[in-house]
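Visitor: Below are the chains, spelled out letter by letter.
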Amino acid sequence: MPRKAASKGPQLTGYRRPNGAVGVRNHVLILPVDDLSNAAAEGVARLIHGTTALPHPYGRLQFGADLELTFRTLSGHGANPNVHGVVVIGIEPKWTDRVASAIAKTGKPVETFSIERHGDLNVINAASRVAYRMAQDASELKREPIQVSELVLSIKCGESDPTLGLAGNKAQGRVVDRLVDMGASVIFGETSELTGGEHLIANRCATPALRRKFMQIYNDYIRMIEAQGVDLLGSQPTEGNIRGGLSTIEEKALGNIQKTGTRPIQAVLDYAEPVKPGQGLVFMNSSSAGAEQVTLCAAGGSVLHFFTTGQGNIVGHPLIPVIKISPNPITCSTMSEHIDVKLPDLLVGDIDLDQAADRILEVFARTVNGRLTAAELLRHNEFVITKLYPSA
Amino acid sequence: MAHRALAHKSTDDVAVAVADLKAGEELVIHSLEGGKVHRVKLLEDIPLGHKIALRDMPEGHVVIEYGEKVGRMTQPVKKGGYVHVHNIRTLRWDYGSKGKGQKPRAKGGQ
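These protein sequence lines map, in sequence, to chains A and B. Under this note's numbering, the residue at position 391 of the first sequence is numbered 391, and the numbers go up by one with no gaps. Under this note's numbering, the residue at position 44 of the second sequence is numbered 44, and the numbers go up by one with no gaps.
If you're looking for bench data, these hints aren't it; they were derived computationally from the structure. A portion of the hints provided could be inaccurate.
Cβ-to-Cβ under 7 Å is the rule here; a few derived chain A residues that face chain B [stated by the list, open to error]: (1) D161; (2) A227; (3) D231; (4) E239; (5) G240; (6) S247; (7) V348; (8) G349.
Model, not experiment: these values are computed from the prediction. Heads up, the beta-carbon is just placed ideally off N, CA and C, and yes, glycines get one too.
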């Protein structure tokens, strides 16, 4: 892929990790392997400034592909370039070490604690002393100049309405084209919400093999829904979509895919598989629920997420900034504190798509350089693991 | 230019209101990709984000938006009328005009 320097706009800065991966935030992560370890992880995060816990309800008696996805999601968050170092806490040592060893391949500091034969209080004591040192080390790391071509990014839209297909997603599509042309990787997903436009995505896959893989993932997802004896009509479009003016899933999908821009799809991945910079536009299998999809992208290595919204989805993530973009004037005025980039003037034609893309990229550069997003300021720390089936 | 409504393609069957619109308004509707301009008198109030029929459509008509099929009319609509879930339905899990409650027959592959 081309590795062009950004020809205009401000210099971007970030954190270069031991394996060369580049992040735009500098978290110390306290990672519970299972539900039982949430209390100790949150205990450490409350004690030590500059640390973030990721509590979640899973990690016990899972098996097969569902267990692998939980492991991949947890270790992917530890490996995410926005993270300086990780304290992994689990109820027993074996699965704890498994999650930690996957993170340790990045070369970043990782230490593990298990609760059996020690108890929460001893673990919180020992883990807090490690977290103390990691947080102090992280505080002395300096931002350095980086290139767009070193970044993995991701996109989604939510609480969609036709203002996205007309304006917001079209502008985001132009942003995606520019970022891909500069060498970034950009992940999109929302498998079931491509229904009605899946042929357009299939036709953009770079090779016949990728096209077959994409259609297999898409058809498997729809079969999984139909195997429940239902269709998507009760949930797609959502009540929020309908209120905003979307009438059918096809209409929603055609608006949705505007944000993927026009470049070829260079990779087709399953849930939370790792993405490297320089891969271009990447499809990742995912739910279309906001927090699940953003979590899968972060597990795959995304360091920043663009989220276009019509009616006002307010999702965030604990480790990656989520830039919220809306062209809907009602949403921008009634939910102003949630929207980072407001585009009602694009909707009525007062500015054009290139001016709108410039506005998004300006906020992108400031956010990369440390400006807090609306979701970060409002503590929208949604971390939602995708569960494939019940535990044993 | 302050648009009141926009179509994706000039050949589409519907356009989208980009402001809250009132019955009786006479609109000049451009499309994002250029081409023919539609002149439409609204028959109903249509809120921001919702769809306007750009031509008369009978029941069963397959509706085109973005130049693609987005659903089927379940009732006729006149040019300038309101198109939404009361009169348009998805083509996926399409039960036709009388087969409500049948098993889904779309396979999702096309």
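Visitor: Kindly indicate which numbered hints from before are broken by the structure, ordering the numbers from low to high.
Guide: 2, 4, 5
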